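Enquirer: What follows is each chain in one-letter form.
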Amino acid sequence: MTDTVIEIRNFNAYYGEKIAVKDANLKIQKNKITAIMGPSGCGKSTLLRSINRINDLIPEFKVQGEILFHDKSIYDPDVDVYTLRRRIGMVFQKPTPFPMSIFENIAYGLKLIGVTDKKELKERVRNALEMAALWDEVKDDLEKSALKLSGGQQQRLCIARTIAIEPEVILFDEPTSALDPVATQKIEALIEELAEKFTIVIVTHNIGQASRISDYVVFMYRGEIIEQNATSKLLTNPENEITQQFLSGKIG
Amino acid sequence: MRKIDKSRVAENRKTRIALRILTYLISSLIVALFLLAFVPGLKYWSWEFFTQFPKERMTSGGIFPAILGSVLLTVTSLAIAIPLGVLLGIVLSEYNLTYIKFAVTILSGIPSVVYGLFGLGLFCITMNMRTSILAGALTLSLMVLPVISSSVYEVMQAIPRELREAAYALGARKSEVIFEMLVPSVRNTILTVSFVSAGRVIGETAPLILTAAVFYATELPQSLLSPVMTMPTHIYFLTAAYGSSARWMAEGTASVLILFVILVYTIAFMFRREKK
Amino acid sequence: MTDEKHHFEKEFSMLRAELSKMVSLVTDSIEMASVAFENMDRSIARKILELDDEIDDLNREIENLVIDIIARFTPLGKDLRYTIAAMKLANNLERIADHACNFAEKTLWISDNMPEFKPSALVKQMFGEVINMLQKTVLAFSRRDVELAVETWRMDDVIDELDRKVTNDVEGFEPHTLVLNVLFARDLERVADHLTNICEEIVFIETGKELKKLL
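From first to last, the protein sequence lines are chains A, B and C.
Start counting at 1 in the first sequence, then tack on 13, and there's your number in this note's numbering.
Start counting at 1 in the second sequence, then tack on 58, and there's your number in this note's numbering.
Start counting at 1 in the third sequence, then tack on 253, and there's your number in this note's numbering.
Wrong hints could be hidden among the right ones.
Unchecked claim - In the DSSO-like style, the derived pairs of lysine-lysine whose C-alpha atoms are separated by at most 30 angstroms in a straight line are:
# : chain 1 : residue 1 : chain 2 : residue 2
1 : A       : K40       : C       : K331
2 : A       : K31       : B       : K61
3 : B       : K232      : A       : K107
4 : C       : K371      : C       : K462
5 : C       : K331      : A       : K35
As the list claims (entries may be wrong) - One-sided and incomplete, this derived list gives chain A residues near chain C with beta-carbon spacing under 10 angstroms:
# : residue
6 : S224
7 : T249
8 : Q257
Derived from the structure by calculation, the hints contain no laboratory data.
Being a predicted model, the structure only gives us computed values, none of them experimental.
Cβ coordinates follow ideal geometry from the N, Cα and C atoms, glycine included.
Just chain A, same shape as in the assembly:
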């Protein structure tokens, strides 16, 4: 039996007066890859970014309804949002290496959680890079500036940085949109491997990507969740007409 790690209940999100997510209901299962797909502007990124409360940084952002992480609402006043973000990590669309060395990039998060022992830092940096399939390519030059890596490598670095602090859930916001097909394929393979250890939620506008790697897929359109199901079911036999139109390429 699968267990629910995150539950989204009657969730609404606003930027000022404008509603971005309408009445979303969704359960994220442990160690599965859940894809949220839909045309541009359908609210999928907003929904994703609400899960780790990174939208709190946006001044006019407001929410209604609940998001539960292990049955506890993440908007509860006694929730430490910084701890929340360590347990729910995020990888963004544009690779965002810090302007530091490769080692320092990954050590940044580790230092935030209080790891000071040099030996432990080295070990955990190495583990993270190995898990992100980047170790072999950079092991000889960890002091090199992270900005000198290729786009695909930078994105894997960001993934390594996120997994170094051992979150439970990793949120991916269109992680391969800015990458070439070869780099995309490597990252997709990596994400599939990561699902063994982490729970993954990935936002994508690319149906092919959702179909290739996800176990469950959620289709959003104009702020609403139109349909959600096991991926192969939704792709071969969608129940909603709008879903079918999206699959046919008629919308978005």
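We have chain A; now place chains B and C onto it with these hints.
Expert: For chains B and C alone, coordinates are given in the frame of chain A:
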């Protein structure tokens, strides 16, 4: 096969030649000015010149106290201005304070002699510091603060929003995002602007005449509240008070001053190069 | 919105057009086979055999088109079902056409070697029912009419019943002519089977479910 437009190629060549000539012209001008100021004083350089006090009514001896004074003043002003300026730049960048931003912009336009007057009134008289290094340093640091702050502000603003988000996404607090990610990544800019400010401060004359410099110091400065001699003010005093008899010393001092300025700017330039 | 062409609309239109063409040719073949059977008409029988090549070509073209669409466009949902069903439809139609050829060949042989042959009235009736079923199937396909497809599917029972009767309709037949009638009946029953397959495909395209489960 695209036809090569001969008339445009010719025009291109003409433009390039013209630009090249212009570049050489201007560079030669700069080099000439530099040589005119720097070279005449070189012949007065000697061990005594660098280590002794001026003697016999500025007809012999050296400018050691002026060199020391310039260095002390520069170091002290920067010790005040850099931390404050960097902090100000950071705060303006990461928090929304429009009025203060506006005030800082205005400050950077005020002429140096006005700063001198302000320093005289506030530090020397009201706060009773008299003519001292401290008064001079405070005045100069006020002058240079907007420059440092603006540089830091600009470079912090240039950091893309996504990098901040990525840091927050790792669970960082605002202070951790600023001081452990943003500031280290602008380290080189901070160093560059510090040295550029040093170059500026070393050459300041008017504010120091009003707040810190004397035209002859009998002894080396005992504390921050002592007055000093500085190289640019020394050049002024030599010329104003002594005229042609001290001209040799003025030229010598000018060369030393230019040497310092070149050194400082070279270091600043080196940091600029290393910027990632 | 309805005028927007999505990227494989052109290929889909081609697929629909080819299928329609194949459907109409196969309908012609069966109808001609019925007439040839009744009148032992040799010239019609030969026309049926000539038509078969064209039908085979269409089948192959449709298959290639389907493979092309899947490889290039990865159709999903209903588009996917339609694409795959199109291929199965074409195969079924091709087999129906093969049966029509069988009828044609038998007709030619009988008219050469068995002038005393009497076409059974029941077989004539079966031809009628099969053609009726065929026409209804074609209608259900073009209209995407699930109810009609289910209704037509049931017509198979009637044809099965007739097939059984032909075997027992011994009166007035010599054994060797009876046998041939029985063979015609059997083949007609198989044509009906193919038609039920087509009806099942129609239901699957529209609903994604098996026809038998809807009953």
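Enquirer: Sort out whether A/K35 lies within 30 angstroms of C/K331, counting only the CA atoms.
Expert: Given that 30 angstroms is the threshold and the Cα spacing comes to 27 angstroms, the pair holds.
Enquirer: Check the hint pairing A/K40 with C/K331 against an upper bound of 30 angstroms on the C-alpha distance.
Expert: Holds, at about 27 angstroms.
Enquirer: Verify the proposed pairing of C/K371 with C/K462, using a straight-line Cα cut of 30 angstroms.
Expert: Given that 30 angstroms is the threshold and the Cα spacing comes to 45 angstroms, the pair is violated.
Enquirer: Regarding the hint that A/S224 lies at the interface with chain C, is the smallest CB-CB distance below 10 angstroms?
Expert: holds (8 angstroms)
Enquirer: Regarding the hint that A/Q257 lies at the interface with chain C, is the smallest CB-CB distance below 10 angstroms?
Expert: holds (5 angstroms)
Enquirer: Quick check on A/T249 please, does its C-beta sit within 10 angstroms of some C-beta on chain C?
Expert: holds (6 angstroms)
Enquirer: Verify the proposed pairing of B/K232 with A/K107, using a straight-line Cα cut of 30 angstroms.
Expert: holds (21 angstroms)
Enquirer: Is it true that the CA of A/K31 sits at most 30 angstroms from the CA of B/K61?
Expert: With Cα atoms ~56 angstroms apart, A/K31 and B/K61 exceed 30 angstroms; violated.
Violated hints, in rising order: 2 and 4; the structure is consistent with all others.
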